[in-house]
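So you can see what is in the structure, the chains are spelled out below.
Number of protein chains: 2
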Amino acid sequence: MCQLLGMNCNVPTDIVFSFTGFAHRGGRTDTHHDGWGIAFFEGRGVRHFVDHQGASASPIAELIKHYPIKSTNVIAHIRKATQGQVALENCHPFVRELWGRYWVFAHNGDLKDFFPDLNGAFHPVGNTDSERAFCFLMQELRARFGDQAPDLPALRVVLIELVHQIASYGTFNMMLSDGTALFAHCSTKLCYVVRQYPFPTACLSDEDLSVDFSEVTTPNDRVAVIVTEPLTTNERWTDFQPGELKVFIDGMPVPA
Amino acid sequence: MCQLLGMNCNVPTDIVFSFTGFAHRGGRTDTHHDGWGIAFFEGRGVRHFVDHQGASASPIAELIKHYPIKSTNVIAHIRKATQGQVALENCHPFVRELWGRYWVFAHNGDLKDFFPDLNGAFHPVGNTDSERAFCFLMQELRARFGDQAPDLPALRVVLIELVHQIASYGTFNMMLSDGTALFAHCSTKLCYVVRQYPFPTACLSDEDLSVDFSEVTTPNDRVAVIVTEPLTTNERWTDFQPGELKVFIDGMPVPA
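Quick note, the sequences are listed as chains A and B, same order.
791 is the number of the first residue of the first sequence in our numbering; add one for each residue after it.
791 is the number of the first residue of the second sequence in our numbering; add one for each residue after it.
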């Protein structure tokens, strides 16, 4: 099993604090040492970092812990290989282009015998169940909506149908973003917190580090952090329900 | 006009030396400060770094100058914006997936009124002539060969036809790689050198730095470096002919 971290904000925010705790799970406080990756949207563009070294030892993870890249949508992943060998092409998140936007995807879980018919424009480069699931999602969205991106309510309905179809093959906790919204689906384990005014001082579970967000934010900032297991010890994290797909925009979940 | 740097090798090699000189052109020894990017193939996987800061000031460029990522195919680009604003989504190289491989593309030049009919699976995310040209190439390759990658001779014939079609709109110096070969097309300016046994000591044009390659290589290593303008002062660089497409595999050009 891998671990997922997502961030969705109303103003570009850096993920240095949350990533610092999360990266320690990549080989130091946990056993997820078969690679890691992170993707940051900046406008329509994406910065995509992947490494097949564990995140706790990676020079690129070290850079990210100290270089405050500001983004409104971030997805990160640390990997414990269950399918596919340890190789760069198997590190999440994966990126594809659809409807003139980049889409970023990461998965935690294990899909048994999931070999969908990929007859369209999206083919896996590596050999994981996760990348097959992502290609299937992209292919089916394009098949349903053609060359034009749908509006959010229509997209949400189809995504719910597709993720449930995939989740029937096993565990499918996943995060997906096109840079405007962050979609998160829980099969077994996912939780989130919304940080907003008055901002608390948060203490990392995985390292002896705390940050007073009120010093680095304005009263209008709002940040949702979504993760496999709570990152902090003194915030109230809300568990997803199994089978639930949540859509985050501007730092909060959008009511269905 | 931008500058291009490519490397194609028979064994995974780091690009630290060549990139160090090249990165100085991104704002220090030259005026290319509107972003930069580099993509390294590792097996089928790609590490892709882009930054809209000039390469000479970028913390990520600094990392790459000191972190010897070993690769058999690398494409780098420093940007002087001619079309499209300075934004992350307009930084080269661009990456798309076709036939279950990542394809990396970078362009130097300016295409006038190039708005091809993009009716397939590849759409630009930014607003440059370069990304439109890349999407057109990917679309046409998929249209000609369907879902199966062709062999190299067939691919070369079609690529020559397509790049000449694009080059009729302006200047189209470009590099393209799927991780197995590096394709380089010259409209106006491109040169290359093949480094092999006995390796020389090379001196960078853009910085007071030299390296004795014989200390860091074995007699079997072979490296082709392709670039807009020669990077070293004491090696013999071969100019491309205008209109020429060269294919590099295992560190040398493949005869047509």
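Don't take every hint at face value.
Intra- or inter-copy, both count: the list cannot distinguish identical chains.
Claimed, not checked - Taking lysine to any residue and the SDA-like style, the derived pairs with C-alpha atoms no more than 20 Å apart in a straight line are: (1) 860 <-> 810; (2) 860 <-> 877; (3) 855 <-> 843; (4) 979 <-> 1009; (5) 870 <-> 903; (6) 860 <-> 878; (7) 860 <-> 986.
Worth flagging that the hints you see were computed from the coordinates, not collected in a lab.
Hint check results:
1. 860 <-> 810: Intra 15 Å, inter 26 Å, cutoff 20 Å: intra-copy only.
2. 860 <-> 877: The answer is between: 14 Å across copies meets 20 Å, while 28 Å in one copy does not.
3. 855 <-> 843: Answer is both: 16 Å inside a copy and 19 Å across each meet the 20 Å cutoff.
4. 979 <-> 1009: neither (31 Å within a copy, 53 Å between copies)
5. 870 <-> 903: The answer is within: 19 Å in one copy meets 20 Å, while 48 Å across copies does not.
6. 860 <-> 878: between (25 Å within a copy, 12 Å between copies)
7. 860 <-> 986: within (17 Å within a copy, 43 Å between copies)
When each numbered hint is compared with the structure, a violation occurs for hint 4 only.
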